[in-house]
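Engineer: Take these sequences, add in the hints, and give me the full structure.
Sequence lines, in order, name chains A and B. Quick note on the working numbering: the first sequence kicks off at 989 and runs consecutively. Quick note on the working numbering: the second sequence kicks off at 952 and runs consecutively.
For the record, the hints were derived by calculation from the structure and aren't laboratory data. A portion of the hints provided could be inaccurate.
Said to hold, decoys possible - Here are some, though not all, of the chain A residues that point toward chain B, as calculated from beta-carbon distances under 8 Å: (1) 1238; (2) 1252; (3) 1296.
Said to hold, decoys possible - Label pairs and their calculated CB-CB ranges: (4) A:1383 <-> B:1157: 58 to 68 Å; (5) B:1169 <-> A:1172: 47 to 57 Å; (6) A:1183 <-> B:1126: 48 to 58 Å; (7) A:1183 <-> B:1134: 49 to 59 Å; (8) B:1227 <-> A:1017: 18 to 28 Å; (9) A:1194 <-> B:953: 24 to 34 Å; (10) A:1245 <-> B:1227: 17 to 27 Å; (11) B:1135 <-> A:1324: 55 to 65 Å; (12) A:1245 <-> B:1097: 50 to 60 Å.
It should be emphasised that the depicted structure is a prediction, and the values quoted were computed from it without experimental measurement. Positions of the beta carbon are idealized from the N, C-alpha and C atoms, including for glycine.
Listed here are the chains, written in short residue letters.
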Amino acid sequence: MSFPWAAHYAPKNPFMRWMDEKLPLPRLVYNAVGAGYPVPRNLNYFWNFGVLAGAALGIQIITGVILAMHYAANGLVAFDSVEHIMRDVNSGWLIRYAHANGASFFFIVVYMHIFRGLYYGSYKAPREMVWLLGVVIFLLMMATAFMGYVLPWGQMSFWGAQVITGFFSAIPVVGEPIRMWLLGGFAPDNDALNRFFSLHYLLPFVIAAVIVLHIWALHLPGSNNPTGVAVQGPEDTVPFHPYYTAKDGFGLGVFLICFSLMVFFAPNALGHPDNYIPANPLSTPAHIVPEWYFLPFYAILKSFTANFLGVPAKLWGVMAMFGAILLLFFLPWIDRSPIRSGNYRPIYKKLFWVLVVDVLLLGYLGQAEVTPTVVLLSQLCAGYYFAHFLIVIPIIAKFETPLPLPNSISESVLHGEAAEAAPYGTAATA
Amino acid sequence: MLRFFAPLIAPLVGALFVCSLLWAIVMSPHAPAAHLASEEFHLAPKAIHYSFEGPLGRYDNEQLQRGFQVYKEVCSACHSMRLVAFRDLEEIGFTKPEVKALAKGWATETPSLNPDTGEAATRKSLPSDFFPGPYPNEIAARAGNNNALPPDMSLLAKAREGGPAYIASLVTGYADVPADLKKQFPDFNVPPGLHYNPYFANLNIAMPPPLVSDGQVTYADGTKATRLQMATDVSAFLMWAAEPKLENRKRTGIAVVGYLIIATLLAFAAYRNIWHGRKH
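Structural biologist: Written out as structure tokens, the structure reads:
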């Protein structure tokens, strides 16, 4: 699909020739993630996270389908059906803990994937569509994860649903009717639980479909790389298989080790104890907090504490929280610096790390008890978040002096070792 | 269009959000928040160590049986445990006949129907029954407890920050209101029917002290039943009730992680082998 020197699929036996004629699925796989997809030879470990996100989705779908066989989406029995899975279903505890922690790990690898894209400028032309589809996937993931957290019907499930659907009531005039329409009632109840379950089962397959588009859009220009310099010839690339399948295999192993350590030895560390108390509409938990992966956005929501320009504080908070994600859609056009990789952008590079610290701090502040210091810090951090993307990036794009770029990927990798620069396949035998 | 306008409009939108936040900072009240007694005098759980901690941790069946005895003789007077069945007790070392006897002799009976008239009735419990609770419903439970609801204990050890150590600290943590507290917070008082307990979030708990004296239960295995011993045993039992598959989970985990480490080392070797001689 991408480069003229990409290897061509040649069926090796009569059956595969027949298959290629009738349904060229092996050819598709070969071109997408096989030897037919040339990839820059200099990708570092941060490029493992795309494949890992795919693996995390796979784990979620497999464990989720099995959980759905034993779970009952009814407010009267949902909580007990989860405990039935934990106590009576064979290895049910494993499936459920894998699913609950799998959501966290999906977000961990996707956040790494997003920040890799931010640092190396993977959102810039010609990969804008890859980035846009990625933001769509991120939004779908957030919706899916939120609805999944409601299903065990514990205290945090119920009150989280109450708070998050409450965002819609911030919309003037039509807000409250919209909220009731979404919930199917005045407060979360059986109708909300049922539709959340239905959508929670549907959306992962929508995510899978958007991932197909995400990869398709990626394969037209090909993968970005740590230098950000475009691929110029065969000496810059290696075939995806076996080179990156092998590297991803190793990355997947490390991922599964970390994942297993959580599932088997600290399965409740990322959850909230209150969710082991059955949902009770008459008893509000002392501190309602969302899952950890929403905390930076939750901190942004809470940091808008004053009415401004006639707009109520709550509406500012909701607009800011959604705006914090939606602004990512415009990033390819906000950042007009032609240099992709942060390695060659001295100012951007520093500010990137400021952003990382800022978001981590927002995450911490999102779960901290509300004190005047916490509020002030969240306001400063939220302010930096918006300033970073909307003010600082357009300005430094204009005024920053980039470092000299290498002429090509192979030059940056090889430092003049000619034999190494030979196209794939000739050097190995030389 | 977007390419031209985005870098111009973005700073305006950004400035709007930043100004809104600056305004919020200006408008925020500068008076320090009121100081609460519960912030000053609340205590973190005691450092109690259990056999089931750590990656190789296992339940101590003798401790769980002692803990069950405390639950049965003390806690179950008010607290239900609706997710645990009598048959589950075989997992902590009770024999089948013992379980059958325990079910039959339980203080309350299992709700059932009179087979002749269809009227609500009760019957002796069987090993397959879940522990019958002390009260028929929430109204009865509240009526018997000064309008407070004793929580179900099936998941309690996982449903409280601090877990079993918190529970053990709480049940042994009752005390008189410290003189310091009275001095610093003259308005603080323990409402009638509540009890001062520094391990409880707001310091005043409805539950009366459950373990009042050493030797409140007589352990069959001769262990001295101090208050802390009883509290530790019953909290260990509650952890088992909340997480009965803990041993299975940790044992499986050791095997899985061991397997994955070997597989990952092989994957790393394969990766290095394939990339051998190619700079990247």
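Engineer: Each hint: holds or not?
Structural biologist: Verification of the hints:
no.: 1; hint: 1238; in the structure: holds (4 Å)
no.: 2; hint: 1252; in the structure: holds (3 Å)
no.: 3; hint: 1296; in the structure: holds (4 Å)
no.: 4; hint: A:1383 <-> B:1157: 58 to 68 Å; in the structure: holds (59 Å)
no.: 5; hint: B:1169 <-> A:1172: 47 to 57 Å; in the structure: holds (55 Å)
no.: 6; hint: A:1183 <-> B:1126: 48 to 58 Å; in the structure: holds (49 Å)
no.: 7; hint: A:1183 <-> B:1134: 49 to 59 Å; in the structure: holds (55 Å)
no.: 8; hint: B:1227 <-> A:1017: 18 to 28 Å; in the structure: holds (26 Å)
no.: 9; hint: A:1194 <-> B:953: 24 to 34 Å; in the structure: holds (26 Å)
no.: 10; hint: A:1245 <-> B:1227: 17 to 27 Å; in the structure: holds (24 Å)
no.: 11; hint: B:1135 <-> A:1324: 55 to 65 Å; in the structure: holds (59 Å)
no.: 12; hint: A:1245 <-> B:1097: 50 to 60 Å; in the structure: holds (52 Å)
When the structure is compared with the earlier hints, no violation turns up for any of them.
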